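Colleague: In our numbering, the protein residues as written are 116 to 518.
Derived by calculation from the structure, the hints in this document are not laboratory data.
Owing to the predicted nature of the structure, the values given are computational and were not obtained by experimental measurement.
Just so it is clear, CB atoms sit at the ideal spot from N, CA and C, and this is done for glycine as well.
Any given hint might turn out to be false.
[Unchecked claim] Taking lysine-lysine pairs in the DSS-like style, the calculated list, with each CA pair at most 25 Å apart, reads:
hint : residue 1 : residue 2
1    : K232      : K190
2    : K249      : K232
3    : K190      : K277
4    : K249      : K277
5    : K249      : K190
[Claimed, not checked] Computed beta-carbon distance windows for the label pairs:
hint : residue 1 : residue 2 : range
6    : A389      : P335      : 30 to 36 Å
7    : Y223      : S308      : 40 to 46 Å
8    : R191      : E385      : 53 to 59 Å
9    : E333      : G456      : 18 to 24 Å
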Amino acid sequence: MTANAPSSALRGARVMLYSHDTFGLGHLRRSRALAGAITHADPTASALILTGSPVAGRFAFPSRVDHVRLPGVIKRSDGSYASRTMGMSIEETTSLRAGLIRSTALQYAPDVLIVDKEPTGFRGELLPTLDELKSNGNTQLILGLRDVLDEPDVLATEWARKDAVAATEQFYDEIWVYGIRSVYDPTAGLPLSQEAQARMHWTGYLRRDLGELGAPPEQPYVLITPGGGGDGAMMVDLVLTAYERDPDLAPRAMLVYGPFLSGDTRTEFETRVAALDGRVTAVGFESEIETLFAGAQGVVCMGGYNTFCEVLSFDKPAVIVPRTTPRLEQWIRASRAEELGLTAMLDERRDGWTPEAMIRAIRALADQPPPSAAIPDGLLDGLDYVTDRVDALLHGTNGKAAE
């Protein structure tokens with residue numbers, strides 16, 4: 116694309132990132148990592164993240180990166196959605212979000228829009244903006260996909276219901292997969308045309324910043340992290356029970372609950388942690404969890420994309436305890452990582468989610484090889500690839516899709 120090159124050269128490139136974030140931290144953290152890398156690579160660039168995350172304000176954002184908080188929604192136990200805003204239906208909330216997205220995009224006038232995971236946005240809220248930006252012809256539209264979305268059959272059904280394949284074909288100039296094909300193809304089972312497949316770029320995983328870090332807690336310790344924590348109660352309970360059952364289990368555990376593990380469950384866990392007399396210590400939310408990763412002897416975690424990238428980036432022996440509902444994304448990622456020798460997995464069916472299995476897994480971390488012993492070439496090149504692609508798009512140079 117060359118149409119926007121003159122304006123971006125004069126005013127500095129503008130990159131907008133859309134992250135629907137109805138639950139958890141994954142989408143926001145991925146967008147934040149991308150925005151930071153892009154603005155670091157180009158000192159004239161700025162980035163604006165549109166996010167529905169209720170905890171976006173707790174994060175520090177890099178220089179020349181800001182965010183707009185969209186009205187929040189919550190997912191009910193039956194799979195339906197409701198507004199976090201009192202007195203508004205989900206339809207009214209979606210309409211409000213769609214209007215905010217469109218008006219922000221028109222005023223910010225991005226040179227590049229990077230959409231995370233959902234081609235049409237939450238309940239189709241992104242479609243008016245995509246249509247307007249595509250018609251204007253001044254914005255490169257990018258769909259960014261994590262390495263694993265779900266089982267192929269389940270994903271195909273979901274995308275058909277959302278008309279996501281049609282939107283991908285119609286609107287997006289490029290599709291970026293934040294992984295490598297040899298690990299997993301998240302688009303397997305999707306009826307994408309050859310033209311759309313030719314626009315795919317396999318970037319590699321998004322390496323976490325290993326730059327300036329704070330002082331880690333007293334070592335040695337094993338880091339226990341369920342990510343955002345909203346679905347991590349089972350794993351936390353299993354770890355606490357392991358330390359309760361085995362008084363000799365070492366090293367001590369450093370537990371990060373995550374911002375979404377709260378209420379009575381959190382209170383119960385705090386009581387149990389206190390009774391362990393320092394063998395387990397806990398914090399609620401750590402916006403700079405990188406420091407805790409850097410100092411850890413090993414990691415026990417769930418299988419979310421961002422946590423997996425941190426395990427690889429900080430080269431820590433890890434055991435992944437993947438959820439299997441509401442989608443198999445974490446289990447697929449964890450099983451492939453184990454097959455490749457990158458991490459170990461505590462599988463519910465194969466190993467059992469028992470205190471004894473967790474005790475064995477924690478003890479085994481001391482002798483487990485780090486991921487670097489098995490990392491394939493290009494596995495962690497994602498941020499470099501993305502910044503190169505953004506530079507190519509802004510300056511109108513062609514780039515061949517990654518194999």
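Colleague: Decide, hint by hint, whether the structure agrees.
Modeller: Here is how each hint holds up against the structure:
no.	hint	in the structure
1	K232 x K190	holds, 17 Å
2	K249 x K232	holds, 19 Å
3	K190 x K277	holds, 17 Å
4	K249 x K277	holds, 19 Å
5	K249 x K190	violated, 31 Å
6	A389 x P335: 30 to 36 Å	violated, 21 Å
7	Y223 x S308: 40 to 46 Å	violated, 31 Å
8	R191 x E385: 53 to 59 Å	violated, 27 Å
9	E333 x G456: 18 to 24 Å	violated, 31 Å
Checked against the numbered hints above, the structure violates hints 5, 6, 7, 8 and 9; every other hint is satisfied.
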